[in-house]
Amino acid sequence: MPVMTYREALRSAMAEEMTRDESVVILGEDIGIYGGTHLVTDKLIDQFGPRRVIDTPIAEGGFTGAAIGMAMAGMRPIVEMMTWNFSFQAVDQIVQNAAKVRYFSGGQVTVPLVIRGPNGGGVQLSAQHTHSLENFYGHFPGLKVVSPVTPHDVKGMMIEAIRDPNPIIFLEAGALYGTKGEVPEGEFTVPFGKARVAREGTDVTLIAYGRQVNMLLKVADTLAADGVAAEVIDLRSIRPFDEQTIVESVRKTHRAVVVQEQWRWFSVGSEVAALIQEQAFDDLDAPVERVSGAEVPAPYARNLEVAAFPSEQQIVDAARRAMYRG
Amino acid sequence: MSATDTMASAALADLDGDKLRPMYERMVQIRVFEELAGKNFAAGLVPGFVHLYAGEEAIAVGVCSHLTDKDFITSTHRGHGHCIAKGVDIPGMVAELMGKSTGVCKGKGGSMHIADVDKGMLGANGIVGGGFPLACGAALTAKTLKTGGVAVCFFGDGASNQGTFHEGLNLAAIWKLPVVFVCENNGYAEATPVHYHCSATDIANRAGGYEIPGIVVDGLDLFAVYEAAGEAIARARRGEGPTLLEAKTYRFYGHFEGDQVTYRTSEELARYRDRDPIQAVRTFMVARGVAAAEELDAIDAGVAHLLDESWEAAKAAAFPATEETLTDVYVRY
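So the protein sequences, as listed, match chains A and B.
Position in the first sequence counted from 1, then plus 346, gives you this note's numbering.
No gaps in the numbering here: position 222 of the second sequence is 205 in this note's numbering, and each next residue is one more.
Don't read these hints as lab results, they were simulated from the structure.
Treat each hint with caution, since some may be false.
Stated by the list, open to error - Straight-line C-alpha distance at most 20 angstroms; calculated DMTMM-like pairs for lysine to aspartate or glutamate:
hint: 1; chain 1: B; residue 1: Lys102; chain 2: B; residue 2: Glu173
hint: 2; chain 1: B; residue 1: Lys83; chain 2: B; residue 2: Glu306
hint: 3; chain 1: A; residue 1: Lys540; chain 2: A; residue 2: Asp663
hint: 4; chain 1: A; residue 1: Lys540; chain 2: A; residue 2: Glu589
hint: 5; chain 1: B; residue 1: Lys129; chain 2: A; residue 2: Glu368
hint: 6; chain 1: B; residue 1: Lys22; chain 2: B; residue 2: Glu306
hint: 7; chain 1: B; residue 1: Lys159; chain 2: A; residue 2: Asp663
hint: 8; chain 1: B; residue 1: Lys2; chain 2: B; residue 2: Glu306
hint: 9; chain 1: B; residue 1: Lys129; chain 2: A; residue 2: Glu617
hint: 10; chain 1: B; residue 1: Lys159; chain 2: A; residue 2: Asp401
hint: 11; chain 1: A; residue 1: Lys540; chain 2: A; residue 2: Glu594
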């Protein structure tokens, strides 16, 4: 199977879909001639021209709203949000129009739209450039929210997103653009709402999404050396949400640790913990552990940033608490 | 110069009786629709917020008379007039105000969210300034797909201070989009007068910052609006880009029903009532022999009948089934 980077997988998904469907266009800041700040759209303008790879002014509310209007009028735009941190400028358009217009029009208006870009931190961009917005966007009915972590998934989920007739919030693991992985040749999709069991185990379930999944795989190695077989679940999709895979795993392991870079209060991890107590209460042998970002704006200095995000050690400790081995 | 003289001087060769009669009828439809909406809101038949368009009819009708179903409009919280002028079904609108299952949005949107995609009506918008980017996008679709369509973005004086105004006009200008921004300057952003909230004497002056045409017209004068909108829309269709058209107007009622309207005088209202845009068109048509008074009376009676029937039908219609609460969120989930 061919090996490609996360970035290349993303680009190939968009290029293939643009070739297949002329109504697919991309809009964003510096995505055309410059190739994109993160080079995700590099050279797509050479292949598809400026009418389909559309450079925009720095005006997130304006061009995101315009993409929503394009979608309402019959096209299938992809918006590159240079980083999701800038999407706060566009929240009114995303929440008040994209997420709701189908409902308040009684089902008349559809918004087949993908908004994509890097999400999350870990590269010392400090307070205003470091957010994990899964729970924020996941809160609004009308949006679908996904967060792929492997090159395989980012390609299959991007193709799925472009073909989906709803507005999709596509949160990329920005720190992982250069990571490599196997990606099948030819067209394939990864359906939304289906989590991935990244590693099977019987003793404790570790749950995350985005780049924390890779951290969990390392933690599972550490725990294995201790004789603990951890199961690792990659949520992949925040809305819709795969309840079944989580519940089945917890019924097997009786213990769960949920890990997220975002803040603890009102977070995805809170929802996972609530789900487990609702559907697997009698199967639990220990309280669900949550490992989250510190309750501070993201710091700049390396040591502070590291301290503010979940560490492998924190996750190991949480797993041991769940196993009563702490 | 009286309103009638102004209109006479602006009257266009292509506005013969056959064109004027339906425009007059649309204006009357809007007026009667709004008067009954206000009355029935007071009677408790309409929930939520209702913002009446009465007084501004010449703008919606003067602009939308140049549009077909392939053209798009975005509208505002004060959107009933735009909907009617764009051809949205009136009984369906009345039912929507009442939140009935027979409403154009199945009772799920209400006054501020009336939409009809088949008519190119992309939706009223309850957020001031929400429509600028959407209209740009609809225009970009029309341009990309070469449909020949244009988009019209209706907005009020208050919306001209939102960031979306700037972002939308700049996008439209740099991409030469087939879009016309129609500012309905009725003098008040809710309760705040335009001379306080806006730095520009004419909002159309702001077009200069985008190097696009900025035109001011008398929004109480159907012919002036029709002529200026016709030029702006034709320009957009020719691929020459956007126009900012400011129509100075006045709303005959408050910001919303229930507004005590403490911020303007009864003398001011009376001055504008004397210049009623519908009465002016009627006077012109009769004076010029375009239509007999009896003919217009018959139109008025027909409109009254249509609206009465619409309200009776809406009152008799069912509310949406409770199961409808959970439908229409996603195409598929």
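Now the hints, each set against the structure:
1. B:Lys102 / B:Glu173: Violated, at about 29 angstroms.
2. B:Lys83 / B:Glu306: With a Cα-Cα distance of about 14 angstroms, the restraint between Lys83 (chain B) and Glu306 (chain B) holds, given a limit of 20 angstroms.
3. A:Lys540 / A:Asp663: Distance ~28 angstroms between Lys540 (chain A) and Asp663 (chain A) Cα, so the pair is violated.
4. A:Lys540 / A:Glu589: At roughly 9 angstroms apart (the allowed maximum being 20 angstroms), Glu589 (chain A) and Lys540 (chain A) satisfy the hint.
5. B:Lys129 / A:Glu368: Between Lys129 (chain B) and Glu368 (chain A) the Cα gap is close to 13 angstroms, so the pair holds against 20 angstroms.
6. B:Lys22 / B:Glu306: Answer violated: Lys22 (chain B) to Glu306 (chain B) is near 31 angstroms, above 20 angstroms.
7. B:Lys159 / A:Asp663: With Cα atoms ~59 angstroms apart, Lys159 (chain B) and Asp663 (chain A) exceed 20 angstroms; violated.
8. B:Lys2 / B:Glu306: violated (45 angstroms)
9. B:Lys129 / A:Glu617: Given that 20 angstroms is the threshold and the Cα spacing comes to 47 angstroms, the pair is violated.
10. B:Lys159 / A:Asp401: holds (14 angstroms)
11. A:Lys540 / A:Glu594: holds (13 angstroms)
This entry does not satisfy hints 1, 3, 6, 7, 8, 9, going by the numbered hints stated previously.
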